[in-house]
Structure formats: structure tokens, C-alpha cells
Amino acid sequence: MTVLLPLFVGSLFGAGTWLLLGRSIVRQIIGIALISHGANLMILLAGGVGGNSAPILGNPPPLADPLPQALILTAIVIGFGVLAFLLALGYRMHAYEEEEP
Amino acid sequence: MNLAIVPVILPLSTGAACAAVESERARRWISLTGALGTLGAAAWLVWAVRGGNVVVLRAGGWPAPYGITFAVDGLGALMCGISSYVATVTLWFGMREAASRYHRYWHAGWHLLLGGMNGAFLTGDLFNLYVFFEILLIASYFLLTLGTSREQAREAFTYVALNLVASTLFLVAVGLLYAATGTVNMADLARRLPSAPSALVRGGVVLLATAFGLKAAIFPLYFWLPHAYAIPPGSVAAYFGGMLTKVGVYALYRLFTTLAPLGRPDPLWLFVASGTMVFGVLGALAQEEIRRILSFHIISQIGYMILGLALGTREGLAAGLFYVLHHIGVKTALLLASGTVERTWGTGRLSLLSGLGSAQPALGVLFFIPALSLAGIPPLSGFWGKVALLVAGADAYAERPGLWIPLALGTSVLVSLLTLASMVKIFTQAFWGPAPRRRRAAPELLLPVAAMAALTVVWGLGGRWLWELTWSAAGQLLDRGSYLDAVLGGSR
Numbered sequence: 029m030t031v032l033l034p035l036f037v038g039s040l041f042g043a044g045t046w047l048l049l050g051r052s053i054v055r056q057i058i059g060i061a062l063i064s065h066g067a068n069l070m071i072l073l074a075g076g077v078g079g080n081s082a083p084i085l086g087n088p089p090p091l092a093d094p095l096p097q098a099l100i101l102t103a104i105v106i107g108f109g110v111l112a113f114l115l116a117l118g119y120r121m122h123a124y125e126e127e128e129p
Numbered sequence: 014m015n016l017a018i019v020p021v022i023l024p025l026s027t028g029a030a031c032a033a034v035e036s037e038r039a040r041r042w043i044s045l046t047g048a049l050g051t052l053g054a055a056a057w058l059v060w061a062v063r064g065g066n067v068v069v070l071r072a073g074g075w076p077a078p079y080g081i082t083f084a085v086d087g088l089g090a091l092m093c094g095i096s097s098y099v100a101t102v103t104l105w106f107g108m109r110e111a112a113s114r115y116h117r118y119w120h121a122g123w124h125l126l127l128g129g130m131n132g133a134f135l136t137g138d139l140f141n142l143y144v145f146f147e148i149l150l151i152a153s154y155f156l157l158t159l160g161t162s163r164e165q166a167r168e169a170f171t172y173v174a175l176n177l178v179a180s181t182l183f184l185v186a187v188g189l190l191y192a193a194t195g196t197v198n199m200a201d202l203a204r205r206l207p208s209a210p211s212a213l214v215r216g217g218v219v220l221l222a223t224a225f226g227l228k229a230a231i232f233p234l235y236f237w238l239p240h241a242y243a244i245p246p247g248s249v250a251a252y253f254g255g256m257l258t259k260v261g262v263y264a265l266y267r268l269f270t271t272l273a274p275l276g277r278p279d280p281l282w283l284f285v286a287s288g289t290m291v292f293g294v295l296g297a298l299a300q301e302e303i304r305r306i307l308s309f310h311i312i313s314q315i316g317y318m319i320l321g322l323a324l325g326t327r328e329g330l331a332a333g334l335f336y337v338l339h340h341i342g343v344k345t346a347l348l349l350a351s352g353t354v355e356r357t358w359g360t361g362r363l364s365l366l367s368g369l370g371s372a373q374p375a376l377g378v379l380f381f382i383p384a385l386s387l388a389g390i391p392p393l394s395g396f397w398g399k400v401a402l403l404v405a406g407a408d409a410y411a412e413r414p415g416l417w418i419p420l421a422l423g424t425s426v427l428v429s430l431l432t433l434a435s436m437v438k439i440f441t442q443a444f445w446g447p448a449p450r451r452r453r454a455a456p457e458l459l460l461p462v463a464a465m466a467a468l469t470v471v472w473g474l475g476g477r478w479l480w481e482l483t484w485s486a487a488g489q490l491l492d493r494g495s496y497l498d499a500v501l502g503g504s505r
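These protein sequences, in sequence, are chains A and B. If you're matching positions, the first sequence starts at 29 in my numbering and goes up one per residue. If you're matching positions, the second sequence starts at 14 in my numbering and goes up one per residue.
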């Protein structure tokens, strides 16, 4: 896992950046989504991999770090909201394109 | 009594109430009352932190590194005060401009933006800063795209996409710093960063500087700004132009004093400051529309604020902060005046305008005063801001001679002249000459402009007390020990 996760973060960022540089709006939106997921995974990685038991008094170590998960939860919610907005904006641009060719 | 969270909670609740209320009349009253209440609480904060206090609010009573902390020092309180003032005045203007009739949720977006900004200024937690950035950005996306046309939707898409990328960089930086130190509390970070693995810390600080720099529109990350600010109605443009980039400037000030202090003149940041000044003003000279000229000026003026930060001394920080406050007042006044012109005469193109000054002398005066202040003519506040920066630069040079400081200072003087030239261009083409159309702007549009322009006169003639506030705030920024003590308390 410790080797796989960084590779995964890197490929998400790489694929996201590549899509973001394209001309199509849909590709750009998907690219942004991929990059933000890469960032979320990176925070998970920042807490360190390897904790198996929940961080409750009395559980045997190694404990998992709860803070990155709380941060990611917030970041995912924010990312979801902004992505929804971006899709709506992209749809409106598409509607304008249809309207006046 | 601890009011530190009121400037955040109150606008957010007012925004929710405005979204829920059906009647436009009730919405206006709630909106104005909420804005005034926020302004009152922000004024209390400015008063409470004078003389070097730090107001700390621990959510739920949890001790600092574990709970969510609000820590208000001079910098945060001053920014919160000016943002509440700008929001109130532009809200008033927007209701007169009838931009509020565009959409039912216009007021809600306004207050969300204010709540997000105040939260960013007052929080003492890096991840909370990210969350408040997102709140204010989502509100700004909404205000920017209200009533858009085809071209505007495209410009707005670029703005949204760029800010999303910047936010993601910010998030990655938070992850790196958390990996290096195991904390996201700013005071705790400041304590632990020196002993943390330097590769992670450097990567985190560079990413943070890039993310904040993109939001602050510094060289070379400024390209998005003039497009985005040409879209919305006058009141929204004034609100954005006054405050939105300053959130990025604030974050840079916080990053390079509390978290990773520069402590001495930094060649890289002096270079960035000079570049921002030069490219902004050159862009302004090439434009033919009032609002586009003013938008490019925002960029060049950001350079002066970064110059103060780049010097890294107490004089530099105080002068830079003075400049930030002065510029917010002046720029909002100018953008409100240009919004008045666009609203009344239907265009902001210089070639289509003439004789506004003789058609309405009051508007001419209200444009002229902040324009002179922007260029740095005494005795207005812009002059004192520039003098303070030059003096601070000379002092820093006397202590540490180097080529970069005189170059940056020379650039700032030159850019002031070019600023004056582009202001003269607006003035000769739009305000001088005979008035072909006898049309006059409504006096109720001029009152908010006057309320903003009054700031620069007050801060020019009585700059002493503002300087004392920024001087004490700059001292607080450099004296990190008392900030850490106030936030971390016994657990330090």
C-alpha cells in the first residue's frame, strides 16, 4: 500500500492535468474532479498508512490517524458542491452554443 | 465577552435568512441589518486587539492544537473591519443600482461572501482557512455568474476552473504540512515547522504561496483577473475589486510572517512585487474601458502590498498593511463610480463618453479624489502609503544593502507616474469636454461612492491613527511568541 498509494496519487494528478489541458469543457471538468480526488488521497497518505484499529482508548496499536479522514470528508463535500456548480455552468455554456451557432 | 466569531456567524445566518424570506422588502431590511451588525462586531474586534492583544476563541472549549481555534490579531481584525465596511457600502449601492432585482438569492450570496472572507481573516487554523476560502469562492462564483450571457459564462468558467486548481494546490499543501508536523493549527504549525523535515515544509510553503498568489493576482499569476472583473454588475465588481484579491494578500501576509517568516528583504518577492506593479500598469495603459483600466490597476497596486511584505521588516509590513487598507477604500470607490457611470450613461467605453464632469460635477469630484489617491498625490492616503513604503525600503537598504531594494523602489515610483497617466486618460476622455447628453446619475448612487471616497480623505488627513493601528499589527506579526502564547496557552 505504501508504494501503491503515491503512484495512484501521481496518476490521478497526471491524468487530471492532461484532461484539464484539453479544449473540451467536459474533459476539463473531469480533469478537475480527478485532481481534487488526487489531493484527497494525498491527505490520507499524509496521515501515514498502516493504522488498523480505530483510535479509541484501549484499542491495540497501531491506531489509524482520524484527522486526515475528517479533513478529507470536508474536502469531498466541498469538492462535490463545486463540481455540481461547474457542471451546471458547463451545461449553460453548452446551451448557449446550441442557441446561437 | 468574546465576539470573535460574530463577524463570521452573523453574515452566514443573515444569508440563510435572506434566502428563506419571500418578500423583497423584508429581505432588504434583514440584509442591511445583518451587514451593520457585522460591521459593529468587526469594529469591536479592531478595538479589542489594539495595543497588541490577541483575541482567541476555542470552539467547544477544546485546547488549541486539538480544537478549532479562532485567533484574531491586529492584521485579522483590521481586514475584517474593512471587509465589513466595504460589504455594507457596496450592498447599499447594489440595492440602489437594482442589481439585487437580478435574482432572489443575490443578498444571500453577498452575505455568504462576507462570512467566508471574515472567517478567512479570523481563523487560526490552516484547514479552516481552506474551508472559508471555499465558502467565499462559491459565493463569488454565484455572484459572478448571475444573469450571464454566452461570453460571460466562458470567462466565469475560466475563473472557476483556475480557482479550483488553486484550491486543490492549497489542499495538497495542507496535506504536506500535516505530514511534516502532524498539526493544522497555525500557531502549532509555526512552532513545529523549524524542526520539521525541510523538503516537505518547502514543498508545502511553495504550494501555499502559489495558491495564495493566484488568488491575490500577483505576477505571473494575474492573467485571469481583468477578464473576470469585467463581467458582473458595478456593485459586485466593486465588492470583488476591493476585497477578493486582498484575501489572497492577507493569506500571503499570514504565511510569510506567522508560519514561515521572511524576516529580511527577500529578492524573489521583491522581483515578484516589481513584476506585478509593472505588468499591471502596462495593461492598464492599453485599455479603453474605465472598468478594465481599473481592473488592471488592481494588479499593479497588489505589487505595492507585496513590496511591503517582501521587505520583511516592521516598517515594511506596517506600510504594506496601510497600503492594503488604503487601496481597498480607493479601489472600491473608483469601481463604484465607474459602476455609476455605466448605469447612468450605459457604457464604460472612453470613446463613447465625454463631459461627465460638466454634466455632473459631484460625480467628477468623487472620481477625481480616489483617482488622485491611487496615483499618490498628497495629502490623500495613497501618498502616505507610498511614502511609508519608500521610507521602509530605504531603512531596509541601510541595514542590508543590495541591488533589489533600490530597483523595486524605483519601479514603484515609476509605476506611480504611469498610474497617474492612465488616470489622466480616463479623466480627459470621460470627464472633460462638453457634455453631449444632459443625463445625471441619481444622488442615491453617489452617496455610497462618497462613503468610500471619504475613507481616503480621512486616512490622508488623519493618517496618524491608522498608521498606529497598522504599526501595532505589524509588531504583532513579527512578535510570534505572544501569538503562540495566546493561542496555545498552557500547552506550549
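Keep in mind that the hints were calculated from the coordinates and are not lab data. All C-beta atoms in this analysis are idealised placements derived from N, C-alpha and C, irrespective of residue type, glycine included. Some clues are possibly wrong.
Here chain B is said to cover these stretches of chain A; the calculated rule only asks that three of the stretch's residues, wherever they fall, bring their Cβ under 8 Å from a Cβ of chain B [stated by the list, open to error]:
1) 44 to 57
2) 67 to 74
3) 82 to 89
4) 98 to 107
Residues of chain B placed beyond 10 Å of chain A at every Cβ, according to the derived structure [stated by the list, open to error]:
5) Leu150
6) Gly188
7) Pro233
8) Asp279
9) Phe381
10) Pro456
For Asp279 of chain B, which was marked as not at the interface, is the minimum beta-carbon distance to chain A over 10 Å?
At about 28 Å from chain A, Asp279 of chain B clears the 10 Å cut-off, so the statement holds.
Taking the shortest Cβ-to-Cβ distance between Pro233 of chain B and chain A, state whether it exceeds 10 Å.
18 Å, holds
Phe381 of chain B: least C-beta distance to chain A exceeds 10 Å?
39 Å, holds
Quick check: the stretch 82 to 89 of chain A, covered by chain B? Criterion 3+ residues, Cβ under 8 Å.
That given contact is violated, which follows from only 0 residues of the stretch 82 to 89 of chain A lying within Cβ reach (below 8 Å) of chain B.
Are there at least three residues in the stretch 98 to 107 of chain A whose beta carbon sits under 8 Å from a beta carbon of chain B?
The restraint on the stretch 98 to 107 of chain A holds, since 4 of its residues have a Cβ under 8 Å from chain B and three suffice.
At least three residues with a C-beta closer than 8 Å to a C-beta of chain B: is that true for the stretch 67 to 74 of chain A?
holds (count 6)
Is the Cβ of Pro456 of chain B more than 10 Å away from each Cβ in chain A?
Label holds. Min Cβ-Cβ 37 Å, cutoff 10 Å.
Verify that the Cβ of Gly188 of chain B lies farther than 10 Å from every Cβ atom of chain A, and report whether the claim holds or is violated.
4 Å, violated
Just checking, Leu150 of chain B versus chain A, shortest CB gap more than 10 Å?
8 Å, violated
Are at least 3 residues of the stretch 44 to 57 of chain A within less than 8 Å of chain B when you compare beta carbons?
holds (count 3)
Consistency note: the structure conflicts with the earlier hints numbered 3, 5 and 6.
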